[in-house]
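Protein chains: 4
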Amino acid sequence: MTDRIPVAVLGATGVVGQRIVRRLARHPRFELVAVAASERSVGKRFADAIHWLETDLPDGVGELEVVPCTPEAAGAPIVLSALDATTAREVEPAFARAGSLVVTNASAFRMDADVPLIIPEINASHLTLLDLQRERRGWEGGIVANPNCATAVVALALAPLHRRVPIKRVAVTTLQAASGAGHPGVASLDLLGNVIPHIEGEEQKLRDEPRKIFGSPGMGGVTLSSFLVSPQVTRVPVLHGHMACIAVEFEKAIEAREALECYEGWSPAVSVVAGLARPQHRIDVDRGEGMTVTVGQLREDGVFGLRLVALGHNLERGAAGAAVANAELVAGRSLARAI
Amino acid sequence: MTDRIPVAVLGATGVVGQRIVRRLARHPRFELVAVAASERSVGKRFADAIHWLETDLPDGVGELEVVPCTPEAAGAPIVLSALDATTAREVEPAFARAGSLVVTNASAFRMDADVPLIIPEINASHLTLLDLQRERRGWEGGIVANPNCATAVVALALAPLHRRVPIKRVAVTTLQAASGAGHPGVASLDLLGNVIPHIEGEEQKLRDEPRKIFGSPGMGGVTLSSFLVSPQVTRVPVLHGHMACIAVEFEKAIEAREALECYEGWSPAVSVVAGLARPQHRIDVDRGEGMTVTVGQLREDGVFGLRLVALGHNLERGAAGAAVANAELVAGRSLARAI
Amino acid sequence: MTDRIPVAVLGATGVVGQRIVRRLARHPRFELVAVAASERSVGKRFADAIHWLETDLPDGVGELEVVPCTPEAAGAPIVLSALDATTAREVEPAFARAGSLVVTNASAFRMDADVPLIIPEINASHLTLLDLQRERRGWEGGIVANPNCATAVVALALAPLHRRVPIKRVAVTTLQAASGAGHPGVASLDLLGNVIPHIEGEEQKLRDEPRKIFGSPGMGGVTLSSFLVSPQVTRVPVLHGHMACIAVEFEKAIEAREALECYEGWSPAVSVVAGLARPQHRIDVDRGEGMTVTVGQLREDGVFGLRLVALGHNLERGAAGAAVANAELVAGRSLARAI
Amino acid sequence: MTDRIPVAVLGATGVVGQRIVRRLARHPRFELVAVAASERSVGKRFADAIHWLETDLPDGVGELEVVPCTPEAAGAPIVLSALDATTAREVEPAFARAGSLVVTNASAFRMDADVPLIIPEINASHLTLLDLQRERRGWEGGIVANPNCATAVVALALAPLHRRVPIKRVAVTTLQAASGAGHPGVASLDLLGNVIPHIEGEEQKLRDEPRKIFGSPGMGGVTLSSFLVSPQVTRVPVLHGHMACIAVEFEKAIEAREALECYEGWSPAVSVVAGLARPQHRIDVDRGEGMTVTVGQLREDGVFGLRLVALGHNLERGAAGAAVANAELVAGRSLARAI
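Protein sequence lines correspond, in order, to chains A, B, C and D. Under the numbering used here, residues 1 to 339 are what the first sequence spells out, in order. Under the numbering used here, residues 1 to 339 are what the second sequence spells out, in order. Under the numbering used here, residues 1 to 339 are what the third sequence spells out, in order. Under the numbering used here, residues 1 to 339 are what the fourth sequence spells out, in order.
In case anyone wonders, no lab produced these hints; they're calculated from the structure. Check the hints yourself; a few may be wrong.
The list treats identical chains as interchangeable, and a pair is accepted whether it falls inside one copy or across any two copies.
To be verified - Derived DMTMM-like pairs: lysine to aspartate or glutamate, alpha-carbon spacing no greater than 25 Å straight-line: (1) Lys-168 x Glu-255; (2) Lys-44 x Glu-200; (3) Lys-168 x Glu-289; (4) Lys-168 x Asp-56; (5) Lys-252 x Glu-200; (6) Lys-252 x Asp-59; (7) Lys-168 x Glu-249.
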């Protein structure tokens, strides 16, 4: 009746899982066949199991019954995972072994040498690592990861520049939204009218992940880029959207006009806006259904080289939308097998 | 009956002026003799003239009658100014000419070669510029400025380090509070759940003012420090407190332990806190009655050298308290004359 | 080429005007022929003239040239007005005299005996007042008003009940969003982490307007309903959405089950949700493209009779969407004339 | 060396417990001898055990070692309890049996007939219930409760009126702060830019507790007042402070001027402010060190009788300060025995 590809979602009841489900509920190419979550939720209606209702669910989705995160219950050619890292480390290999291509938002395997860490517009070529992964691990399926939510914004904002003139060092401060921590996540007592200049594990991800994304895939894995990131992360009282304030030092000088030209052809993945006070969370976070990273205030900096401000939707370009985009990528390349 | 020094406040009805008045209302050394403001407020009770009531006014203050910003009406040996830059440019010289020592929070004269730009704990020695100023301008009194609110936080956080090992370059992102813009200032529609990555004129102040504060006073003015700042400023939905996320590159390497030792003896002006998630606006902004800059997360940074996060109260250490501290400094050195 | 009705927008650059323009830009029945605003904006591109950019403008809209609020420049069979009350009082009659049917969000003429104050789902029959209005005022066109934003929420939430069992008295507390005050509106210093229990003129509107909406149109105007409202309004730190917490005393007792039945057939104008913690601004404000008033916690109250909580979008159901709905209503009844 | 009364705090590490400890650390009459909390915290330094650091702790307090909530470890003539209701139900009777007078903020025993529910300025006379309690329960010590945080604000705001002209019915909407739910309490995803019109169990407390506070103590307990409350509670994105918007129906008419006179002599417990936009959380919440309930907008209401808005600090007048005030009351009446 349909030739859409069956897909399942692991960790479907969380903040990211819910967004993946919303995207799949209206997807032209995928058919959502299972929503899976932890024991606590199994057997419940999806509408009753979700941690945090964002807005009304798409028709029909609320009535789905939550199943366990096992290949028997939730097996599908493509499985999208929004599991936390600890659970992912146990559960995702079981699916990969059973033949599913797991497209994961979890950090568990991101930095493994044989796991592609993909932003489709930047390094789709890294998918060749899947061969290495399947050979090494003896899997029928496999695991493809998308980066951390802040990494996604920083990497997309810098990729157009880095492709033209290699970037040497980056100093970045992020202003990250509450939803990046899921629900319940950050207590309101900690975030109302306050800034928390720390997110556990986030700075290490910002140091490591861009180097892999900008790296070169080879026989034994990815050779990391020499690109260096010095990050400071902060949590700000904003619902959705991660902003990155970035100073860039290049291997050689680049003028503002040249920098601006680098972005031609990158829209809608990356879009440059004019205006001294842009980007802003409220105005820009939902552009391109949350998949556009907006770059503003691109300017020469007399101290380091260049400065810019980037903003992206942490739950879409940084998580749910990124996973669905990776699923579309592997589907388009016929990397998933029927199971 | 008292030997307290008579002082007046210009621009007393604004957010900063109100804070200066609150400090002076309970001051052991100064006696508040006049609250002055624009024509619109003259003749009103202070309680009726203030733009924005912060909390209950100290006893007696609300009953003061607002007078014009003229030496005739508000002359005093020391005059504290919270005027906006445009008004300050006209009004403050008139007071200086009439013999008042004007201690100003305004930016109008901050970068003038013969105007001391002072943070008492850092560069009180720059007060010698007053001689040059009086000579050049033929004033009996004079003008002494305190820095921009974000500059105050950055300069105090870095001074202990810079004194030990010269700083070469700094990349700083500020997360600044709403009250930095005064009242009405930023519209709630622009700041609720949003970040605005721009504040008019602020980045230039962050580039210029620290170079003067860390500079060397000489016969013709201050020789600017070679210290370079690359700033990105942002406005965040927080009431009070400016946070600065700072990456520091030194002229030569410095270890974290050595960096920490630099701060010994700087408390309460600068206080280092432990804890991964500090400083925070809510916890730290009022320390030392708003005069303490709190530094946290001091750590080696493999990319630039050192990283830290600093937080200070923009209305106190960054404005009202800074002006009062400068007034205390000049009073202590008998630089103000009876008039 | 099209048989869409030409419409113009007065006060198009404000927060409400911008929303009206967004609705008209994609409207199947209306063709936006003019965006008009004050002198300050005339001649500018719409994108450059708007006070506050909410999100990206629909294609083409930003390029429109702003024209003056005169019948010569902005005359059309239907004119939607988002002018402030003072300007509306002068400008709207000129358009009505020139033959336009002015559908206004302004409060200027709302309580005039011969001006229909319309919520289409409640009292479309009051449009008969237009005959009286045209006769009395000698106008070719006319003025049709929509209610105050908080009134719209309260009236829609109560209409289904009132139609079944007459309401005697209502105690209502509103929690109103920042956008209700337009831009710049409320200062962030006043609203961040704070509640302001006052909005100028709002309580009188809540006392008067529902009585007219629920009243009976007759030869000399509307006989007001005996329905009484005791309001307390507050402004809360929320971007969009007005919540109303309502205790209702009826002329005779009504059970919760019966009360719930009253709402059958009212969706999507009024929609009842289950759940102890609903409605909420975040979840419910955009339902029905902002035109649905969500009612929750409908329950018997041992003290007054019934309690409920209602929420609606102040800029849509309470302003822009309400004006467009009234325009659709008058267009559907062919009450507007070609001019 | 001191004749201060030894006191202990149960549940000392929570948001309310921490505030009690802060008050006792500087108390002239009490000596803090033990901070007790759950097993998880026992043995830790108080500074390491607290859930949520509000601001720097008073000197010395951070070094205290947390002890278990048992009479052996934390027995004292007066014990202040900030335990949750479930734990309080088990733990507090053990202390009362062992001879301590337990002054509790918990709801566990508040509505028990023989437990005084006290606001010192309103119904200190209810302390006579302690005799009944000791007789019935065979305790050497006893339990004295303070009311729910929202009840405290409503009861204090209405007591001056009710004492003059009996109140018949009250419709109240509360706008309650995040800190009322403790830490972690409400998730930031639920409260940023949002209102939650529900707090579990809170409305029943508002219906019941004022009736007991305004009731008459007798041989068998308190005869409840006929005073009726119809409440709607909401949680708003504010850190501290509960606001109550109140419509009052009296047994007989009362004029605004007469109503205002009722408040004479009630300051600082209840303080009436002028100004259309008062009280406000930011301006008024800390008045009287958080022990003053501020009443504003006192006005005749043509529908019910009278309207007013009240605001109090939920953690002080509504919890920690209330408990300390009750401890001072029982100490002053020598109701606590040395143990």
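A quick look at each hint next to the structure:
In this homomeric assembly, Lys-168 and Glu-255 come within 25 Å of each other (Cα to Cα) both inside a single copy, at 16 Å, and across copies, at 23 Å. In the homo-oligomer, the alpha carbons of Lys-44 and Glu-200 lie at most 25 Å apart only across protomers (23 Å), although the nearest pairing inside one protomer, at 32 Å, exceeds that limit. In this assembly of identical chains, the alpha carbons of Lys-168 and Glu-289 never lie at most 25 Å apart, being 32 Å within a copy and 43 Å across copies at closest. With identical chains, the CA atoms of Lys-168 and Asp-56 are never at most 25 Å apart, being 46 Å at best within one copy and 34 Å at best between copies.
Proximity of Lys-252 to Glu-200 under the C-alpha cut-off of 25 Å is found in neither arrangement, the shortest distances being 34 Å within a copy and 30 Å between copies. Neither within a single protomer nor between protomers do Lys-252 and Asp-59 lie at most 25 Å apart by alpha-carbon distance, with minima of 54 Å and 39 Å respectively. With identical chains, the CA atoms of Lys-168 and Glu-249 are at most 25 Å apart both within one copy (6 Å) and between copies (15 Å).
When held up to the earlier numbered hints, the structure conflicts with 3, 4, 5, 6 and fits the remainder.
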